[in-house]
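Taken in sequence, the protein lines are chains A and B. Heads up: the first sequence at position 325 corresponds to 325 in my numbering, and the numbers run straight through without jumps. Heads up: the second sequence at position 37 corresponds to 460 in my numbering, and the numbers run straight through without jumps.
Calculated directly from the structure, the hints in this document are not laboratory data. Hints may contain errors.
[Stated by the list, open to error] Distance condition first, Cα-Cα at most 30 Å in a straight line; then the derived DSBU-like pairs of lysine-lysine:
#1 A:129 x B:737
#2 B:450 x A:129
#3 B:450 x B:526
#4 B:450 x A:135
#5 B:796 x A:57
#6 B:695 x B:579
#7 B:526 x A:129
#8 B:596 x B:665
#9 A:57 x B:824
#10 B:737 x A:135
#11 B:473 x B:636
#12 B:665 x A:129
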Amino acid sequence: MIVEIKVPAFGESVTEATLASWLVNDGDYVEMDQSICELESDKATFEVPAEKAGVIKIIVEADTDVEIGVVIGSIDTSAAPAAVAAAPAAESASAEAAKPAAPATPGTPAAPSNGESYAAGHPSPAAAKLIAEHKLDAAAIAGTGRDGRILKEDVERAIANGANGKSAAKAPAKSSPAAPAAPVTANAGFSRETSSKKMSRLRKTIAGHLVNAKNNTAMLTTFNEVDLTEVIALRKQYKEIFKEKHGIGLGFMSFFIKASATALMDFPAVNAQIDGENIVTHDFVDVSIAVSTPKGLVVPVIRNAESLNLAQIEKAVYDLAVKGRDNKLTMEEMTGGTFTVSNGGIFGSLQSTPIINAPQSAILGMHKIQKRPMVMGDEIVARPMMYLALSYDHRIIDGKEAVTFLVRIKELLEEPMKLFLEI
Amino acid sequence: MKFDVTVIGSGPGGYVAAIRAAQLGFKTAIIERYPTLGGTCLNVGCIPSKALLDSSEHYFNATHHFKEHGIDGAVSLNFPQMIKRKGEVVDQNVQGIAFLMKKNKITVYHGHGSFADATHIDIAKDDGTTERIESDKVIIATGSKPASLPFINIDKERVITSTEALSLKELPKSMAVIGGGVIGVELGSVYARLGTKVSVIEYLDRIIAGMDKDLGKELMKTMKRDGVEFHVSTGVTAVENKGNSVLITAKNKKDEEVQMEVEYCLVSVGRKPYTDKLGLENIGISVDDKGRIPVNEQLQTSVPGVYAIGDVIKGAMLAHKAEEEGVFVAEVLAGQHPHVNYHLIPGVVYTWPEVAGVGHTEQELKELGRAYKSGKFPFKASGRARASMDTDGFIKVLADKETDEILGVHMIGPRIADLIAEAVVAMEYRASAEDISRMSHAHPTYTEAFKEACLAATDSRPIHL
Numbered sequence: 001m002i003v004e005i006k007v008p009a010f011g012e013s014v015t016e017a018t019l020a021s022w023l024v025n026d027g028d029y030v031e032m033d034q035s036i037c038e039l040e041s042d043k044a045t046f047e048v049p050a051e052k053a054g055v056i057k058i059i060v061e062a063d064t065d066v067e068i069g070v071v072i073g074s075i076d077t078s079a080a081p082a083a084v085a086a087a088p089a090a091e092s093a094s095a096e097a098a099k100p101a102a103p104a105t106p107g108t109p110a111a112p113s114n115g116e117s118y119a120a121g122h123p124s125p126a127a128a129k130l131i132a133e134h135k136l137d138a139a140a141i142a143g144t145g146r147d148g149r150i151l152k153e154d155v156e157r158a159i160a161n162g163a164n165g166k167s168a169a170k171a172p173a174k175s176s177p178a179a180p181a182a183p184v185t186a187n188a189g190f191s192r193e194t195s196s197k198k199m200s201r202l203r204k205t206i207a208g209h210l211v212n213a214k215n216n217t218a219m220l221t222t223f224n225e226v227d228l229t230e231v232i233a234l235r236k237q238y239k240e241i242f243k244e245k246h247g248i249g250l251g252f253m254s255f256f257i258k259a260s261a262t263a264l265m266d267f268p269a270v271n272a273q274i275d276g277e278n279i280v281t282h283d284f285v286d287v288s289i290a291v292s293t294p295k296g297l298v299v300p301v302i303r304n305a306e307s308l309n310l311a312q313i314e315k316a317v318y319d320l321a322v323k324g325r326d327n328k329l330t331m332e333e334m335t336g337g338t339f340t341v342s343n344g345g346i347f348g349s350l351q352s353t354p355i356i357n358a359p360q361s362a363i364l365g366m367h368k369i370q371k372r373p374m375v376m377g378d379e380i381v382a383r384p385m386m387y388l389a390l391s392y393d394h395r396i397i398d399g400k401e402a403v404t405f406l407v408r409i410k411e412l413l414e415e416p417m418k419l420f421l422e423i
Numbered sequence: 424m425k426f427d428v429t430v431i432g433s434g435p436g437g438y439v440a441a442i443r444a445a446q447l448g449f450k451t452a453i454i455e456r457y458p459t460l461g462g463t464c465l466n467v468g469c470i471p472s473k474a475l476l477d478s479s480e481h482y483f484n485a486t487h488h489f490k491e492h493g494i495d496g497a498v499s500l501n502f503p504q505m506i507k508r509k510g511e512v513v514d515q516n517v518q519g520i521a522f523l524m525k526k527n528k529i530t531v532y533h534g535h536g537s538f539a540d541a542t543h544i545d546i547a548k549d550d551g552t553t554e555r556i557e558s559d560k561v562i563i564a565t566g567s568k569p570a571s572l573p574f575i576n577i578d579k580e581r582v583i584t585s586t587e588a589l590s591l592k593e594l595p596k597s598m599a600v601i602g603g604g605v606i607g608v609e610l611g612s613v614y615a616r617l618g619t620k621v622s623v624i625e626y627l628d629r630i631i632a633g634m635d636k637d638l639g640k641e642l643m644k645t646m647k648r649d650g651v652e653f654h655v656s657t658g659v660t661a662v663e664n665k666g667n668s669v670l671i672t673a674k675n676k677k678d679e680e681v682q683m684e685v686e687y688c689l690v691s692v693g694r695k696p697y698t699d700k701l702g703l704e705n706i707g708i709s710v711d712d713k714g715r716i717p718v719n720e721q722l723q724t725s726v727p728g729v730y731a732i733g734d735v736i737k738g739a740m741l742a743h744k745a746e747e748e749g750v751f752v753a754e755v756l757a758g759q760h761p762h763v764n765y766h767l768i769p770g771v772v773y774t775w776p777e778v779a780g781v782g783h784t785e786q787e788l789k790e791l792g793r794a795y796k797s798g799k800f801p802f803k804a805s806g807r808a809r810a811s812m813d814t815d816g817f818i819k820v821l822a823d824k825e826t827d828e829i830l831g832v833h834m835i836g837p838r839i840a841d842l843i844a845e846a847v848v849a850m851e852y853r854a855s856a857e858d859i860s861r862m863s864h865a866h867p868t869y870t871e872a873f874k875e876a877c878l879a880a881t882d883s884r885p886i887h888l
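Chain B on its own, in the form it takes in the complex:
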């Protein structure tokens, strides 16, 4: 078979690229090595973790807040059902992708794709056969997989990655999370809310280190209150599977050796680009020191006609970043001139309270020497948040001291992952803090907090503070 465009990998970057390419009139194929489409995001990432986060949040509310709401009665946890429901959510979503492929007349190949040359791809199928297809253009969207540390053996039984953590058979009594990044705090938060004793071990002096410092501080405060233990500035030196437990040895800030024994150890030290057996050597592509495929501004690799998007190239490993790049490449192939505004790709953490940020962090602005002003509004002062008992967190708006242009927005609180979109729109149009202050925000909503934070940033004049 011969195609105009072939996408290797069907994660959010790959399947979006395929749909956009099909929309633009290209004869398109997509290759997926797993039985279901959707990649990490849909199968073992965003969607299942969000499903579990929601379930665990319900449970936590039932056990901690219902009484206060005036709802009495005992609730008990059915962990296998929780995992089963998560499975159903995943199934519905991956079937949705299969439907979208059909609808857009995209040919789906299940098997492991690898380059024979720049325009031919061999697909090794589960039944042992190999099919070769030809394609004018190829988009590599093979994504990433969990990374580990050299001295850690991930046995997938007791020492696990996010993938296994989403499908545990039993609720762990205790769990150590190595790495206080986004994935670590999200899954740590799931299990903590279900009653697991969770300890997060982070090498740096703070969690979710890529985000504005205030967010990490606030998140740690609320998670600690919910029972999560944090060991920051602590480097793990050994992880040992003891059969029914895991023994973790680490060195703390004072260079003292500490040990802890837990039922499960989740290793969430980041993700690495996935290019195994992709046949990159056959077309002369070599990856960089971090395993990423180098691309130019058009996201084209060193081989003309071969493009790469998402986690397998530089930049934030986020589904929505990959999606933007998928659309970008498809449109570039059609001769269009799209843009991806990398500066305004929001970072989101699906804990509860949720965390999100876009634009410059306060630390970045200080480093840049940019004169800025800051406005903060706590959810404690929001009528809507009090009504739902979600008073943790705040919204912080950073604006240029001279022009009042919004330079960064950092949020932690209820439904923040949805709220950040308003900040992105505002910043894409280079709105000033006062612009937002002068736009009507429905009452009572969480979004009012953004307006209030903008008022605070503009001229220190929030109404409800």
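Next up, chain A with everything else stripped away, as it sits in the complex:
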């Protein structure tokens, strides 16, 4: 039996994805549930598992935009793994011998119905011309014609989507025959090569979201700084016991997320969102945490952070970070969030103005902890300091609210006992 491999629906708003890579080769034998390819959506990368065991036939090449439901390959379940197939040769031979006795069924199409048509990927004459002119790889274009033939419109779509090709030959030269352009003179010996690579879908989406947030909100940033002496002391004192008890290290993130969640409960506007002409408030805090992955920044969500204890938050952060790194985050894990915490400090950032993760209304930027001379009483002492930045949407959050919210976080972190006493 031939089982089609289709692009699965993996989120309500997702209609298109990029077939980022095949994890198996054409003709490979795969086990059921083995990951066979990677799909990259707006939000993340997913691995598609094999529905059945069998031999893979790749129809759509990697690095192609695909719509949900499109057939990208097939699995021939009747085929056996290569190693196994070779062994019982005698058996299959006798089976073959028995076969011819059965007469051909009347009306059986002569064309082989198993697997892909010989014509799949065959471009029509007009399509072939476009492919040549745009230096496209025909194998990378999904043919939507009968049996996978590549139609003119398929190539036009591939060009519109900025397919793998370089820019086309220019429009027909008017009034004078095309002549090769004179090469730009450059310093000999220095490379002036540029290379152009298609933006990943994730990168395109990130770009769109960021510009959208910048353009559609009244965003500004307020700063403060926090003295982390107490947090550091707590970590030092209870690090080992904590790890023993909870099976996870006690980091800084849990303090910041807990402090944020606590403050957000006190300042519902910072935890709210604008939805058209309405303001939506939440009586829960779902904190999105910015996780850097090989493919770009993703923001998975810790649900009900206001109700979690530090150990539960640490575990959640760890799990999401690992999944992000391995491209294993699910759509569900990436959706929602009422507030975002972003830690640029791990890369050494001292100050920054983060961009709101729309439609949220505020984002907390953490930075590098640095010992700085601080005046305590009348003395100058070295204290482990971190600048805090809160970017917020002024349309919904007043300046006073934003500043006092940030001060509240500062207090909760400078006197962590307040976190536990909930004061």
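Since chain A is already given, all that's left is putting chain B on it; use the hints.
Relative to the frame of chain A, chain B by itself:
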């Protein structure tokens, strides 16, 4: 004057190249040594021969089939009128080309063009003057002219080529046709239908040798029935003009000398590329052993900026092949990347029944060792063909044994020259025989025979057989 593109020769390759170049925005000129545009095809080839084929077909029907259709009455042949009408058809067509040149703002030069250098062409005009024009790019489309054999003197009186055969003053009582290729059988068929005793002498063992064997066999059968005599495997050794007749000496299969005396001898042993006084030596182009101009994949000659298309380069000497190449070069000059699918240029013979083929012949598939299956449908079984009394011929479809992809289509029968287009479309899209079998073909038409042949090829299941 300075042009972007200049085309030398205004046949179907040349004038199409000029129009396409003009469409693409090039300032274009075309040079023609004859007074009228259109080249061999329009003046002394496809169009006039088709005009005569149609006229002779009408006459043949009137004298052979009308009675059966229920039309009585005597008809007589007015041969000069037939030639005159042919002339009018040619005139209308060449005027059409002149109009198209004007419409596309293409400058037309009448005179013999030759290269001074790669970008300058001297045009020797009828009035003895010479004009030099400059052009960035030049497309050579000078075509071909009838070839002969070394021992034959073509006197254009009794020993003639296709050109003269299209403008004879009288209807010959007898005619020998040397060469059973496309041109020979077409013109032989014209005169046979008008009542001339036609004998075709062919060196090979079959006629229209480039096409699938079955087609030649069937065509010979129908032409023989219509009174044409065939001498295959027979090599002409001498042709002598005796004043009012021609004496032809040949050696047959058994190496016996045979002689025949006829009123006219048509020499149709092929065509050769025409590059006389083109000044190729001035730009360093030398032709190959067959007189053709060597070109690369872009149809560019060894001289950058100088291109060549049609009969003057390699490949089938067909008007529609030249047209494709004309468009191809113009688009290449504009920086586009067109294609010419040489494998799917149909070959057509305008006899009646017409003959056409595209893709691989059965013989080629055997040589290639390709596993194929064949489906054939005879026009005898076609309702439409019976209605018009055109029951000669068949359509044969060759398909890949495994995939069912159509690999070749070979047809002989009524309106086949038009029908072959469907096979070309199917093959350009790599259709399977079953694909065609599953497409509706209007009834009653000749095209149904193609569908039936596809059904036969797919699974040996034609409906009407």
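Hints versus structure:
The straight-line distance between the Cα atoms of residue 129 of chain A and residue 737 of chain B is roughly 23 Å, inside the 30 Å bound, and the hint therefore holds. With a C-alpha separation of about 24 Å, the suggested pairing of residue 450 of chain B with residue 129 of chain A holds against the 30 Å cut-off. With a C-alpha separation of about 13 Å, the suggested pair residue 450 of chain B and residue 526 of chain B falls inside the 30 Å cut-off, and the hint holds. Annotation: proposed proximity of residue 450 of chain B to residue 135 of chain A holds, straight-line Cα distance about 28 Å (limit 30 Å).
Note on residue 796 of chain B and residue 57 of chain A: the hinted pairing holds, with a Cα-Cα distance of about 28 Å set against a maximum of 30 Å. Pair hint residue 695 of chain B plus residue 579 of chain B holds up; C-alpha atoms about 17 Å apart against a cutoff of 30 Å. Only pairs whose Cα atoms come within 30 Å are accepted, and residue 526 of chain B paired with residue 129 of chain A is accepted, the gap being roughly 27 Å. For the suggested pair residue 596 of chain B and residue 665 of chain B, the alpha carbons sit about 16 Å apart, so the restraint of at most 30 Å is met.
At roughly 22 Å between alpha-carbon atoms, residue 57 of chain A and residue 824 of chain B fall within 30 Å of each other, so this suggested pair holds. This hinted pair checks out: residue 737 of chain B and residue 135 of chain A have alpha carbons roughly 28 Å apart, not beyond 30 Å. For the suggested pair residue 473 of chain B and residue 636 of chain B, the alpha carbons sit about 24 Å apart, so the restraint of at most 30 Å is met. Between residue 665 of chain B and residue 129 of chain A the alpha-carbon distance is near 57 Å, which puts this suggested pair outside the 30 Å criterion.
Of the numbered hints listed earlier, the single one contradicted by the structure is hint 12.
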